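> Take a look at the letters that make up each chain.
Number of protein chains: 2
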Amino acid sequence: MTIAEQVTQQAKAARKASRQMALVSTDEKNQCLLKMAAALETNSGVIQAANEQDLAMAREKGFSQALLDRLMINDARINDMAEGLRQVAALKDPVGEGSRLWTGADGIQISQVRTPMGVVGMIYEARPNVTVDAAALCLKSGNAVILKGGSEAIHTNTAIAGVLKSAMAESALPVEAVQLIESTSREAVNVLMKLNGLVDVLIPRGGAGLIKTVVEQSSVPVIETGVGNCHVFVDASADPVMATAIAVNGKTHRPAVCNATETLLVHESFAREHLGTLTKPLLEKGVELRGCPVTCSLVPAAMPASEEDWSTEFHDLILAVKVVASLDEAMDHIETYGTRHSEAIVTEEYSHARRFLQEVDAATVYVNASTRYTDGFQFGFGAEIGISTQKLHARGPMGLEALTSIKYMVMGNGQIRK
Amino acid sequence: MTIAEQVTQQAKAARKASRQMALVSTDEKNQCLLKMAAALETNSGVIQAANEQDLAMAREKGFSQALLDRLMINDARINDMAEGLRQVAALKDPVGEGSRLWTGADGIQISQVRTPMGVVGMIYEARPNVTVDAAALCLKSGNAVILKGGSEAIHTNTAIAGVLKSAMAESALPVEAVQLIESTSREAVNVLMKLNGLVDVLIPRGGAGLIKTVVEQSSVPVIETGVGNCHVFVDASADPVMATAIAVNGKTHRPAVCNATETLLVHESFAREHLGTLTKPLLEKGVELRGCPVTCSLVPAAMPASEEDWSTEFHDLILAVKVVASLDEAMDHIETYGTRHSEAIVTEEYSHARRFLQEVDAATVYVNASTRYTDGFQFGFGAEIGISTQKLHARGPMGLEALTSIKYMVMGNGQIRK
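These protein sequence lines are chains A and B, in that order. Numbered by UniProt numbering, the letters in the first sequence go through residues 1 to 418 in order. Numbered by UniProt numbering, the letters in the second sequence go through residues 1 to 418 in order.
Keep in mind that the hints were calculated from the coordinates and are not lab data. Mixed in with the good hints, there may be bad ones.
Computed footprint of chain B on chain A, listed as stretches where at least three residues anywhere in the stretch have a Cβ under 8 angstroms from a Cβ of chain B [said to hold, decoys possible]:
| id | segment |
| --- | --- |
| 1 | 19-25 |
| 2 | 114-123 |
| 3 | 195-205 |
| 4 | 217-230 |
| 5 | 357-366 |
| 6 | 382-393 |
| 7 | 411-418 |
Taking lysine-lysine pairs in the BS3-like style, the calculated list, with each CA pair at most 27 angstroms apart, reads [unchecked claim]:
| id | chain 1 | residue 1 | chain 2 | residue 2 |
| --- | --- | --- | --- | --- |
| 8 | A | K194 | B | K12 |
| 9 | B | K418 | A | K280 |
| 10 | B | K194 | A | K212 |
| 11 | A | K285 | B | K165 |
| 12 | A | K212 | B | K16 |
| 13 | B | K35 | A | K212 |
| 14 | A | K16 | B | K212 |
| 15 | A | K212 | A | K61 |
| 16 | A | K92 | A | K35 |
| 17 | A | K12 | A | K280 |
| 18 | B | K16 | A | K418 |
| 19 | B | K12 | A | K212 |
| 20 | A | K16 | A | K35 |
| 21 | B | K212 | B | K194 |
| 22 | B | K12 | B | K165 |
| 23 | B | K16 | B | K92 |
| 24 | B | K61 | B | K35 |
| 25 | B | K212 | B | K61 |
| 26 | A | K35 | A | K12 |
| 27 | A | K212 | A | K285 |
| 28 | B | K16 | B | K194 |
| 29 | B | K194 | B | K12 |
| 30 | A | K16 | A | K280 |
| 31 | B | K92 | A | K194 |
| 32 | A | K212 | A | K194 |
| 33 | A | K35 | A | K165 |
| 34 | A | K12 | A | K165 |
| 35 | B | K92 | B | K165 |
| 36 | A | K418 | B | K285 |
| 37 | B | K35 | B | K16 |
| 38 | B | K165 | B | K16 |
| 39 | B | K92 | A | K12 |
| 40 | A | K165 | A | K16 |
Predicted model, so just to flag it, every value in this text is computed and none were measured. All C-beta atoms in this analysis are idealised placements derived from N, C-alpha and C, irrespective of residue type, glycine included.
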């Protein structure tokens, strides 16, 4: 069988299973998730043996320590995955939630009810825990899921999917509702992106390159996730201690994630008095500063920023710093260079806080808090399938509801249109 | 300037205007819409003169009478457009509607607020009233709009857009928020479909070919609209009078629209007793029946249906008819051939009604009512920008809310993540 035939066959199996998935009860889904959690723990050895194969290959290919760490599975990580499944089981099921019922033309009774998407395709890189997370969230929301992980984790992902499916076989859920694409070829992704009618939505999770490819080439609807060039604007009236804490947290708490702060915009009057103090702990934590000319004159340790730095998601201990003359200049900079992910202002001036919240076009806008809070768990959604940076369907942290659609149910007693 | 440069420049102008559009008040938007309505009426002569040019060209090209009628503008149609603008002015503004405010991690206060999309691109054919409708709905929902109408209506659309923009010039809204693409080349659409970052969503409205092209080729997110291969299933227990009325209404009330009924599925026990009576008024209204073998044996006037007929949206007085053995066979047929638009059952059996509502995967599912009700006005939305047949973002009739996105506003007092 060609890769195209294989992927299409899996998608057809998923589509068929999705009809059954839409009808299983919340309790049946939860029981299945709990069985999956237990199966992961029981089969920890099998998964770690498969993971060893991936790690050996990755070492051979000279992967960085950071990448090896992302790939690595140990007992603690398996326990985390199992715990994640139990948490998803405890979440409220969004399927079947309805709106009020209302009366339309000629007395037809209309209600809107939340339904599964159908078949969700996840395309992701490296981290094998996504295999568990994505499967759990898609199943809980009544969907079938097609998983296409990175080639570097193929043995681990295959082992995990096998364990999950063995647990499903002892549940009321159709085993075919989880499909792992085992081909590591790019061709598999190319096929998946064109399966309109079989796949309802694709969610790419990973680097900017992967996401760009899927957004540009997929004819299946896509939820664009992740790329975050996030700014913190320190206003003239900002509390210097708070501003420093928010800048340091945004940049250094976890530099490789999408809600990390990449550029610091500083009002000139704040900069003149406090930029040295603000940047000191950043430098102490090893952050490389790339500044505008004013920044470089105020902070000798800063290197000159290039035009490209303003639009770069560094994913690293690098921070671009620009001194601006006003709130408007800061908002214009964000409009020009931002990716509409997470944007923050630190200010004590009410009218500036309000303008920033109203006028900045981003999934999440902050006053006096770290950009690092853009996260399904921090928001209280209890789960996160990704962070959407598009405006359609879902924006910002996506929980279970983002994996559902709606339909209208109309009840009549013989109405016809005049 | 090349077409690509021209379209890109218009999109940039729209993007810039969209920032201002997001901030204008409901009252300012409504005043503008009312001015537009008055301007259309005042400039009726200019628009009709332009329309004459399009009609002359269309006659020369040998357009059918139906197409000429779609294209034609007269006083009554201008009044309808003006009335439409006044109705949109009267609708509730969705922008700024918020969810409850809740507390997330570490005491951050989060609320979700409805925002404009930004820049909406409408690609449509023939009917020039879409120019007015789309502009009105996009402006009311705080968006800028790029309009790409069909080449056959270019003079009419240009005249209408000119009149709308002259009214905008005397309002608080930026004139640049309405952009009509004057090039009639396909190249303009090709450019528009790749303007990620400038255009937030594309909505194609028109024939299946146009919609397929945009869905397949656009990298800008698309809302897929319109293609409706809708079924009515007449169950064994159906009331024959009601079933006949719903079938006749679904097929003949307006055969060229997407919510028209294209295939009738009939339970065999109903068919044996009533199919002759049911099809009589259809035949009297000139409907051509294309039936399965059983249908052809019961209704001599029916011609044999081809496999292709089951998946065809006829847009005409043609109805495919299939006799089925059960509810399950009917639902399987719908799953196989339907476009997930509007599906109806006529039944007196409660458990079948419930199963049909639950199990059929479509934007709108009906019990005992005509498929023709899938419509924003019939649903009471007060407006309709199109009918979505995809599961992302919006499904079914789309009113003003479908033209908006959301953002999260987070207020803190110095929170950083531990």
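> Does each hint fit the structure? Answer for all of them.
Hint-by-hint comparison with the structure:
As drawn, the segment 19-25 of chain A meets chain B at 3 residues by the rule of a beta-carbon pair under 8 angstroms; at three or more, the given contact holds. Judged by the Cβ-Cβ criterion of 8 angstroms, the segment 114-123 of chain A is covered by chain B as claimed, because 3 of its residues qualify and three suffice. Residue count for the segment 195-205 of chain A with a Cβ under 8 angstroms from a Cβ of chain B: 3. That meets the three needed, and the coverage hint holds. For the segment 217-230 of chain A, the assignment as covered by chain B holds, since 6 residues bring a beta-carbon within under 8 angstroms of that chain's beta-carbons and 3 suffice.
Coverage of the segment 357-366 of chain A by chain B holds [criterion: at least 3 residues with CB-CB distance below 8 angstroms; count 9]. Counting residues of the segment 382-393 of chain A whose beta-carbon sits less than 8 angstroms from any beta-carbon of chain B gives 4, enough to reach three: the coverage restraint holds. Counting residues of the segment 411-418 of chain A whose beta carbon lies closer than 8 angstroms to any beta carbon of chain B gives 7, which reaches the threshold of three, so the coverage claim holds. Between A:K194 and B:K12 the alpha-carbon distance is near 30 angstroms, which puts this suggested pair outside the 27 angstroms criterion.
Using a Cα cut-off of 27 angstroms, the hinted pair B:K418 and A:K280 holds, with the two alpha carbons roughly 20 angstroms apart. Straight-line distance between C-alpha atoms of B:K194 and A:K212 comes to about 12 angstroms, which keeps the hinted pair within the 27 angstroms bound. Restraint check: the Cα-Cα separation between A:K285 and B:K165 comes to about 55 angstroms, which exceeds 27 angstroms; the hinted pair is violated. Note on A:K212 and B:K16: the hinted pairing holds, with a Cα-Cα distance of about 24 angstroms set against a maximum of 27 angstroms.
Between B:K35 and A:K212 the alpha-carbon distance is near 42 angstroms, which puts this suggested pair outside the 27 angstroms criterion. A distance of roughly 24 angstroms separates the Cα atoms of A:K16 and B:K212; the hinted pair therefore holds under the 27 angstroms criterion. At most 27 angstroms may separate the alpha-carbon atoms for a hinted pair to count; A:K212 and A:K61 meet this at roughly 25 angstroms. For the given pair, A:K92 sits about 18 angstroms from A:K35 by alpha-carbon distance, which is consistent with the 27 angstroms threshold.
With a C-alpha separation of about 57 angstroms, the suggested pair A:K12 and A:K280 falls outside the 27 angstroms cut-off, and the hint is violated. About 45 angstroms separates the Cα atoms of B:K16 and A:K418, which puts this hinted pair outside 27 angstroms; it is violated. At roughly 21 angstroms between alpha-carbon atoms, B:K12 and A:K212 fall within 27 angstroms of each other, so this suggested pair holds. For the proposed pair A:K16 and A:K35, the alpha carbon gap of about 23 angstroms is at most 27 angstroms, so the pair holds.
Distance check on the hinted pair: B:K212 and B:K194 sit about 16 angstroms apart at the alpha-carbon level, within 27 angstroms; holds. For the hint linking B:K12 to B:K165, the alpha-carbon distance of about 17 angstroms falls within 27 angstroms, and the restraint holds. The straight-line distance between the Cα atoms of B:K16 and B:K92 is roughly 25 angstroms, inside the 27 angstroms bound, and the hint therefore holds. Proposed proximity of B:K61 and B:K35 is contradicted: the alpha carbons are some 36 angstroms apart, above 27 angstroms.
Restraint check: the Cα-Cα separation between B:K212 and B:K61 comes to about 25 angstroms, which is no more than 27 angstroms; the hinted pair holds. Of the pairs offered as hints, the one joining A:K35 and A:K12 holds, with about 26 angstroms between alpha carbons and a cut-off of 27 angstroms not exceeded. Among the hinted pairs, A:K212 with A:K285 is inconsistent with the structure: their alpha-carbon atoms are about 32 angstroms apart, more than 27 angstroms. Between B:K16 and B:K194, the direct Cα distance comes to roughly 18 angstroms. Compliance with the 27 angstroms bound is thereby established for this hinted pair.
Between B:K194 and B:K12 the CA atoms are separated by roughly 13 angstroms; this keeps the pair inside 27 angstroms, and the hint holds. Our distance criterion of 27 angstroms between C-alpha atoms is broken by A:K16 and A:K280, whose separation comes to about 59 angstroms. Distance hint between B:K92 and A:K194 is unfulfilled; the C-alpha atoms sit about 39 angstroms from each other, more than 27 angstroms. A C-alpha spacing of about 16 angstroms is found between A:K212 and A:K194, which places the hinted pair at or below 27 angstroms, so the restraint holds.
As the CA atoms of A:K35 and A:K165 are separated by approximately 10 angstroms, the hinted pair is consistent with the 27 angstroms bound. Restraint check: the Cα-Cα separation between A:K12 and A:K165 comes to about 17 angstroms, which is no more than 27 angstroms; the hinted pair holds. With a CA separation close to 23 angstroms, the supplied pair B:K92 and B:K165 stays within the 27 angstroms bound. Straight-line distance between C-alpha atoms of A:K418 and B:K285 comes to about 16 angstroms, which keeps the hinted pair within the 27 angstroms bound.
At roughly 23 angstroms between alpha-carbon atoms, B:K35 and B:K16 fall within 27 angstroms of each other, so this suggested pair holds. Simply put, B:K165 and B:K16 have alpha-carbon atoms about 16 angstroms apart, close enough for the 27 angstroms limit, and the pair holds. A hinted pair counts as satisfied when its Cα atoms are at most 27 angstroms apart, and B:K92 with A:K12 does not qualify at roughly 43 angstroms. For the given pair, A:K165 sits about 16 angstroms from A:K16 by alpha-carbon distance, which is consistent with the 27 angstroms threshold.
Of the numbered hints listed earlier, those contradicted by the structure are 8, 11, 13, 17, 18, 24, 27, 30, 31, 39.
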